[in-house]
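Chemist: Listed below, chain by chain, are the residues.
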Amino acid sequence: MTSTAPSAAPGNGSAPGEGTDPRRPAAPAPRRRRRVRDLRNEDGSRMSRGSVAVRYVLLALVFLLCVGPFLWQLSTSLKSPGENVYSDPPKLLPEHPTLDNYQKVGEIIPVWDYALNSLKVALANVVSNVVGASMAGYALARLKFRGRKYAALVFLVAMLVPAESIMIAQLTTMRALDLHNTLTAVVLPGCVAALNVLLLRNAFRNIPEEIEEAAIVDGAGVWQRYFRIGLPAVKGTLAVVAIFAFMGAWDDFLWPLIVLTDDSNYTLTIGLNFLHGTFSNNQRLIAAGTMIAVVPLIVLFACLQKYFFRGVGEGAVKG
Amino acid sequence: MNSTASASGPPAPSAGAAGPPSAPSTPSPDSPASSGSPGSRSSRAARRGGARVRTHRAHSPWLFLLPGLLITLAFNIYPFVATVWKAFTDARTLTPGSFVGLDNFQEMLADEQFWIGLRNSFLYVAAVVPCTVVLPLLLALLVHKNLPGIAFFRSAFYTPVVASVVVVGLIWVWMLDDRGLVNAVIKTLGFDTVPFLSDRWLILLSAMLVTVWKGLGYYMIIYMAALGNVPRELHEAASVDGAGPVRRFLSVTVPGVRNTMVLVGALSSVAAFRVFSEVFLMAGPDGGPAGEDTTLVMLIQRTGTGLSGRVGYASAISLVMFVITMVLLLAVFAAERRDKK
Chain A
192 MTSTAPSAAP GNGSAPGEGT DPRRPAAPAP RRRRRVRDLR NEDGSRMSRG
242 SVAVRYVLLA LVFLLCVGPF LWQLSTSLKS PGENVYSDPP KLLPEHPTLD
292 NYQKVGEIIP VWDYALNSLK VALANVVSNV VGASMAGYAL ARLKFRGRKY
342 AALVFLVAML VPAESIMIAQ LTTMRALDLH NTLTAVVLPG CVAALNVLLL
392 RNAFRNIPEE IEEAAIVDGA GVWQRYFRIG LPAVKGTLAV VAIFAFMGAW
442 DDFLWPLIVL TDDSNYTLTI GLNFLHGTFS NNQRLIAAGT MIAVVPLIVL
492 FACLQKYFFR GVGEGAVKG
Chain B
30 MNSTASASGP PAPSAGAAGP PSAPSTPSPD SPASSGSPGS RSSRAARRGG
80 ARVRTHRAHS PWLFLLPGLL ITLAFNIYPF VATVWKAFTD ARTLTPGSFV
130 GLDNFQEMLA DEQFWIGLRN SFLYVAAVVP CTVVLPLLLA LLVHKNLPGI
180 AFFRSAFYTP VVASVVVVGL IWVWMLDDRG LVNAVIKTLG FDTVPFLSDR
230 WLILLSAMLV TVWKGLGYYM IIYMAALGNV PRELHEAASV DGAGPVRRFL
280 SVTVPGVRNT MVLVGALSSV AAFRVFSEVF LMAGPDGGPA GEDTTLVMLI
330 QRTGTGLSGR VGYASAISLV MFVITMVLLL AVFAAERRDK K
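Respectively, the protein sequence lines represent chains A and B.
Okay, so the first sequence: first residue is 192 according to this note's numbering, each after it adds one.
Okay, so the second sequence: first residue is 30 according to this note's numbering, each after it adds one.
Just chain B, same shape as in the assembly (with noise of 0.2 Å):
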């Protein structure tokens, strides 16, 4: 996410409108020149001041942004913008709600379901991404190899990602149900059933295990790229001082694709602290015993909707959850400066 925001930092080519007065080379034989990928920008912008080739009238760049700005604009920075004031106010579906000032927030002190969601949600996180990290690199060193049959192996392990949350949640329903496929085979080997859907720590569990389940071909695929720039020579190196497998592994591996780790890192953490579908199919739309499964997301569909809903309070959760979201953004990439230091 934050490769975004660099991304885009550097564009900022408008340095083309500082460029005529100071290039000299005006005219326009500078084409060789201009051949060379750092020359071209200054050339061009040469070419701009000198020649003055109009390439398009004032409001077409805005008759092309038009549709993408709208949309943007009114359904998504005018919703963030709205969340923020409407989480002082005590507005609810259909009234407007005055303003009520840190009314929403002391309420949440005391809230023991914002409580119990702020707890799930972090629990989430721990449990989450450790995995998400961890397995789809093993993962990706299995299948980075070109073994015969190899691309069949690479697709098979990406299905769960294309498939629907809702889907892979009714799967995994019926898989660990009391009666299902996990259950049976449990039976077998001569345990007791687990009640995978009915105890409040175990739903959380299998929620997990789910969105893990789910995001392994997906991180696997990052990281197959990562492998590929891991140089050889670093390997062979190791090899030859006497390195085992693991010990490559560790040393090798593991601090070659170290951005990407912290990069999957970073992204499973914001999308394991958004959770809600997972646990919404499997807890039940209530969050499943005595609501103690309840996630923040979740917390803030089931207050926020509904004809009597708090839109007010349910902002309020939500702009926490932004704050949240973003300062373990931070949070990641602070750690992993610190580290590199």
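In isolation and in its complexed conformation, chain A is listed as follows (with noise of 0.2 Å):
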């Protein structure tokens, strides 16, 4: 396991990259063929035409199995309160597509506002982290210091402790500072998550001492280091912590559902809990809602791929 980390680490950054960038762009259809037939096994061997179109039929079935349920979502969305959403067999494609539900769950729960309201615990969230673990993080790796390793060790301690096993002892910090059912309760437990300040810490670790050293001799103080050299040279780990600070805010269910006790504070994800309990039988309103929460952070995903798939590697491997 300890052999895992270094060894997944870097590998993770280029392996979901490598096929997608460089490759993609240019390939019209006659160089397209040559490269199907130069496919080889992990053996070597040349892969048989049978094959690739199997491993097409496999992709196919799996692609179907992860999208499909969004997709009948998004069309159950788009179905007109005329149309039968039950009907069977099951239909598709809606018969008129319509976003009139878009606009009636609006009116049954304000649900924009909980959009905004997750927009700005997911917002606050990636500025704190990123402030925060940064400097934290750079604190750790670049600067010597008395009590530094009990300081790692904080850190370390808060992100092995799962946080639901803590989460009653929040709620109760929470009320005694007079902040429970506030967007500020939301935020404040995560806004300097542990792990981030720990893979911040690694990646300042990694910049050469040279640099460094030659910025001391220049008369650099400690805030123009961070400045100048630590965060230009940490840029890709901050946005994949940027990142995973917005997505994990944006889908947080646990946290806000016990801290949220107004339905005027709610976040997207509260809201949605909501609509299930109340409305369960309108599944076309509930699935509007569905769709409202997940678009932005597909449409953030399509951008961002190489990011997300970097936090995976990054993530899992610390922690």
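Rather than coming from a laboratory, the hints here were simulated on the basis of the structure.
Please read these numbers as outputs of a predicted model, since none were measured by experiment.
Incorrect hints may appear among the rest.
Unchecked claim - Think about it this way: if two alpha-carbon atoms lie no more than 30 Å apart in a straight line, the pair counts; the simulated DSSO-like pairs of lysine-lysine are:
no., chain 1, residue 1, chain 2, residue 2
1, B, Lys174, A, Lys497
2, A, Lys311, A, Lys295
3, B, Lys216, A, Lys282
4, A, Lys295, A, Lys282
5, A, Lys426, A, Lys282
6, A, Lys426, A, Lys340
Hints in hand, dock the two standalone chains.
Modeler: This is how it looks when you write it as structure tokens:
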């Protein structure tokens, strides 16, 4: 296991990207065909046409399994009230596609306010994690001081404690601070995640000593070094931290569920749960609500794929 | 998780403190040597010892650490400590409570819901972990070849990871509805409607299915990196020896990625034991018929929140959950170590 960590980390960043970027854009039909013929099995033998075909069939099946449910939900959300969503056999495409359900779900619950709340929480989580975790990570990686080991230990312990096992005490803490039922309380516990501090510490460690020594000789102070040398050198990891902070906060369910009691402060996931509990018989509305919650993230993912994939590697190895 | 422990072990570069006296090569002209990576640390230590360059003020590191440490201590470490001592009190949401010794733990032993929660959480681990260890590996094998268009499939398989567990849960609630898509297909095939969301065991099974489905893409990415590190020569050699694809998978691929399998097993067993959202959404807040589908975290949530929440008792359950999580982790790694020998 210990050996997994270092070996998995570097490979992971490149593996998914490797097949993604360079080859996709320019691939006219004839070249593609040649490439299929050149595909090789693990043992170096040429992959037969048949096995390539089998692979594509399997890929298509898994695609249907992974994406199909989302498409079904999208289709349901676009079906008009006159259309039977329970039709037998099921109709995959809406007869008269309409956005009515999106408007109606906004009339039943303030879904756009909830979306705004989610956005606020997510952005606050991004900023606080990027700033807080990079500062702490920089100090742990690049500054020598007494007590550094203990400071690192605090983050390590915090990371090992499952959030679910301390959430009741966190809730009590928020009550004591009179913050419960506020968006601030939703953000606070994870706003400088220990995992991110440790990720950034590792990233800062990879900066060559010589660069910083040169800056010290030139008289650069610690803040200057942090801003001019440190941060630019860990941009990639910062992007990963930012994206996962956004996704984590936008998707989070359990903590906001227990800390938010007033429905005017709900985030989108809590609002959806409420919708599900109260209007569970209206599938079209729930479908519209879930689409509102998931589409922004799918767009984000489509634009910033490689960081999502990198994040899995770094998060998994360290977390 | 352990990897971090070991990753933070070696840093202890306070070794630099021991450097200056033992490094007589003080002068700065050692810069050529310092370009080699092993030498750079000692050379820096030497330089610091010799030239005494002050790199920062004494309080600077603490300024850098202030936001992170403050948040972590106040909202992670303190609540952990509070959980431990509240577990021995009869605290409620609005009253601090007083020390009651082991009462909470005694009550737990007699609490049917606790045993149901414990059983369901363990069932979850037992059913979900084998699937999340094996299926994503097969999926990774399928997508790690650079077939034309493979990037598209990789991204598509990752979509469920990006979506919130609430979205995913509600999508499947609709899919598995008595009149939903899955049952429509089942009926078309000539079978009876399957009550996925009303039978207590089927609810749990459905939730497990959702958990596995949502995790596929995540663990697939982890495996892809590991697959790239399996030496091709081994495959070639096995092939020369007459091993077919299945044989090669079992005796070359699996041993090649076994460290990663342990990692995935550890990650997913801890995650599965802490399951909440999927079951909460599919079984309802009360945990399905007669609360039979309650998981441990659902029980904590139900017991400890609200104005009459029993904070003390919920903390005691939390503490038990924490201990079991740690034991699970240790068990996975201990089993791995024993296997290696």
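Chemist: Decide, hint by hint, whether the structure agrees.
Modeler: These are the hints, each one checked on the structure:
1. Straight-line distance between C-alpha atoms of B/Lys174 and A/Lys497 comes to about 18 Å, which keeps the hinted pair within the 30 Å bound.
2. Between A/Lys311 and A/Lys295 the CA atoms are separated by roughly 24 Å; this keeps the pair inside 30 Å, and the hint holds.
3. For the suggested pair B/Lys216 and A/Lys282, the alpha carbons sit about 15 Å apart, so the restraint of at most 30 Å is met.
4. For the hint linking A/Lys295 to A/Lys282, the alpha-carbon distance of about 22 Å falls within 30 Å, and the restraint holds.
5. Taking the CA atoms of A/Lys426 and A/Lys282, the gap is near 47 Å; set against the 30 Å cutoff, the hint is violated.
6. Proximity of A/Lys426 to A/Lys340 is assessed by CA-CA distance (about 25 Å); at most 30 Å being required, the pair is judged to hold.
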